[in-house]
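Enquirer: Protein chains in written order, with the numbering used here: chain Y, 1 to 294; chain A, 1 to 122; chain X, 1 to 247.
Worth flagging that the hints you see were computed from the coordinates, not collected in a lab. Note that this is a predicted model, so its numbers are computed, not measured. There may be inaccurate statements among the hints.
Some chain Y residues well away from chain A (every beta-carbon gap over 10 Å; in silico) [to be verified]: (1) Glu118; (2) Ala126; (3) Asn175; (4) Asn220; (5) Pro276.
Straight-line distance between alpha carbons at most 30 Å, and here's what the computed DSBU-like set of lysine-lysine pairs gives [as the list claims (entries may be wrong)]: (6) Lys63(A) x Lys50(A); (7) Lys246(X) x Lys31(Y); (8) Lys93(Y) x Lys246(X); (9) Lys63(A) x Lys31(Y); (10) Lys50(A) x Lys31(Y); (11) Lys246(X) x Lys251(Y); (12) Lys55(Y) x Lys31(Y); (13) Lys93(Y) x Lys125(Y); (14) Lys125(Y) x Lys246(X).
Glycine residues also receive a C-beta, built at the ideal position from the N, C-alpha and C atoms.
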Amino acid sequence: MIERIDIDRLTLRYGDVTALDGLSLSLEGGKIYGLLGRNGSGKTSLLSVIAAFRKPTSGDVRINGQPVFENQAITSQIAFIRESGDTVEDTEKVESAMRYAAYLRPNWDAEYAARLLERFEVPTKARIGSLSRGKRSALGIVLGLAARAPLTIFDETYLGMDAPSRYAFYDELLNDYMAHPRTFIISTHLIEEVSRLFENVVIIDRGRLVVHDDVETLLNRGTAVTGPADVVDRFVNGYTVIGTRQLGRTKSAMVYGHLDPEQRAEARAAGLDLEPLALQDLFVHLTEPRGDQS
Amino acid sequence: MFDDRSPIYRQIAEQIKQAILTGDLQEEEQVMSTNQYAAFYRINPATAAKAFQELVDEGLLYKRRGIGMFVSPGARERLRSQRRERFFADVVEPMVAEARAIGIPLREVIQWLEQREDEEER
Amino acid sequence: MSQAAMTQRTQRSWRFPAPLVTDYGGFLTAVWAGVLVVTFAGSLVSATFFDLIPASAWELITPPARVYMAVISAFVVYSFLPLYVSHGQTRRGFAIEGLIALVVHAALATVLITLGFVIEAGWYRVMGWTRGVPDGHLFTSYGNLPLIVAEYGLAFLVWSAAGAFAGAAFYRSSHGGWLALPPALAMVGITGSALGESLGPITRFFQGLTGTDAASLPLATVVSFACVLIAVAGTWLLIRDVPIRKR
């Protein structure tokens, strides 16, 4: 079991590029996490260090209090699937990838793997190099789910998959999570599609943590305040405004922070319309490049 | 499937309440599990569990250890009286406001309702 | 997988690498069988049409066989290190299993190459040809099987280790990989020389050491194991903290 993952002041540099910049974060086991960040925000770097694919430049990752790097007791509990998954060479057949997974994975469920291959229509006799991008992603999903690893990480494992196969993936993930509770971290750009699978969301930007919270709390923190521009401006004065839009005299300001019932009543009395922000909007505005930060 | 404006768990809770009110869910009847709800709506089971917790807190559902969630005795009656209390505020007031905004005199609304009552009595 | 196997995998960092051994052992055996047929057919063609009977046809395939050993080892490190790590194994675990697989692979190759000489003896007898051992060997007669085993066993071990070292270097960095080639070539060259091949000053140095022109088994053993040790240590240094990159 993965009880907790503690990331402490993690820094990772590639030459003079800083991918992770003193990032600290603690995750509890047994949940489905969504990891969101723009391209180049450090998602893959963070996941690579968690999964012991990379050694950090400084700082550390501990799982259940133990260091991760080159620690068999911990790494054997982690499945990290990057995009289409790391398999044997392209010249090998799908069934060969399954054989090595069965050999190397302590909890491998071969029967489940076979069922998943069938569901995603991945031909077992085909050479891996001959698979389409979507089928390769599906193969990555099979390797990730059938490993039944206590910590399973999917990093954009959907490239090339069409919507029906992606939803099949979400269904399989959810059902297998309920049947075999474990920790999942899912990094994705398709936020609207998967956000409901998440219990918690972690947003990172430029190698730093922006926010980590449970989805409901996070959604409660984002409100679009819409109404006449001057009234909106007066109301949002003093709140954290993460974005605004204007249409004629109507203005919409995105407020980040909890509004208590009194404040909501006040807004409504002033003729303002309050609407919760979707996770996608929150993400976009929380990671928007701002002049003052450059 | 759901309106994006209110949290999904509240929408699920609302739906279960509606089922209790209409009698689709009888008292002492077992409710589908959080996992079944989660799978059906493709949501995190913790989110579905929140809906159930809300209903347990309101005394509409109760938990039988190791078996599942059941509709509490008296749940329907409690919901009905709650809704009755809020009926004028939640349903009639907005209707009045709408009637005013589009220029239907309240007199006309009352006449319509009386006519409807006559039809139903027949 | 059984419960017992599961706990074993979690608690121990390595097991006997059966899939690697059977995959590459099976492939090697198939290649060997094919080469065997081609070699003897080739010697027949050569004898019939060109009136040229090789002193030993099988001898001709031993240089490419050594290169094959190095290439397979390089490939195993290059492609199975990331596979092992992405399936939750440690670099250390892979190093141990890879080493076992390569030693077993080299042992199998030694058996097959020796078997080739034995079969060739029968083939030459049937054809009525005579065989001769060229210079540059530990053994002086094809009948001396223990020395044949020793020579190819040592050579294959060193070529495998040097290949693994180069494979690790190329995995670590595609540019830096080229830097590993000179030391790898030096290792196989020195070993070859200790096994009797003529390599100028190195051969003369070894001859001075043993006081004889003939290659010496004890010296070859010491030199080979030293090279294997250096190559294995170098491989470990290259992979012990190597990042697993995207393909």
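Enquirer: Just double-check Glu118(Y) for me: nearest Cβ-Cβ distance to chain A has to come out over 10 Å.
Expert: 20 Å, holds
Enquirer: For the pair we were handed, Lys246(X) and Lys31(Y), check the Cα-Cα distance against 30 Å.
Expert: 27 Å, holds
Enquirer: Need the status of pair Lys50(A), Lys31(Y): alpha-carbon distance at most 30 Å?
Expert: Status holds; Cα separation ~15 Å.
Enquirer: Does the claim that Asn175(Y) lies off the interface hold, with its Cβ farther than 10 Å from every Cβ of chain A?
Expert: Non-interface label on Asn175(Y) violated, nearest chain A Cβ at 6 Å vs cutoff 10 Å.
Enquirer: Under the criterion that the straight-line Cα-Cα distance not exceed 30 Å, is the pair Lys93(Y), Lys246(X) satisfied?
Expert: 20 Å, holds
Enquirer: Lys63(A) and Lys31(Y): Cα distance at most 30 Å?
Expert: 23 Å, holds
Enquirer: Given the hinted pair Lys93(Y) and Lys125(Y), is their alpha-carbon gap at most 30 Å?
Expert: Distance ~6 Å between Lys93(Y) and Lys125(Y) Cα, so the pair holds.
Enquirer: Does Pro276(Y) sit more than 10 Å from chain A, CB to CB?
Expert: About 6 Å separates Pro276(Y) from the closest Cβ of chain A, which leaves it inside 10 Å; violated.
Enquirer: Minimum C-beta separation from Ala126(Y) to chain A exceeding 10 Å: can you confirm that?
Expert: 30 Å, holds
Enquirer: Holds or violated: is the Cβ of Asn220(Y) farther than 10 Å from all Cβ atoms of chain A?
Expert: 8 Å, violated
Enquirer: For Lys125(Y) and Lys246(X), compute the direct alpha-carbon distance and say whether it is at most 30 Å.
Expert: 24 Å, holds
Enquirer: For the pair supplied as a hint, Lys63(A) and Lys50(A), confirm whether the alpha-carbon distance does not exceed 30 Å.
Expert: 14 Å, holds
Checked against the numbered hints given earlier, this structure breaks hints 3, 4, 5, 11; the rest are met.
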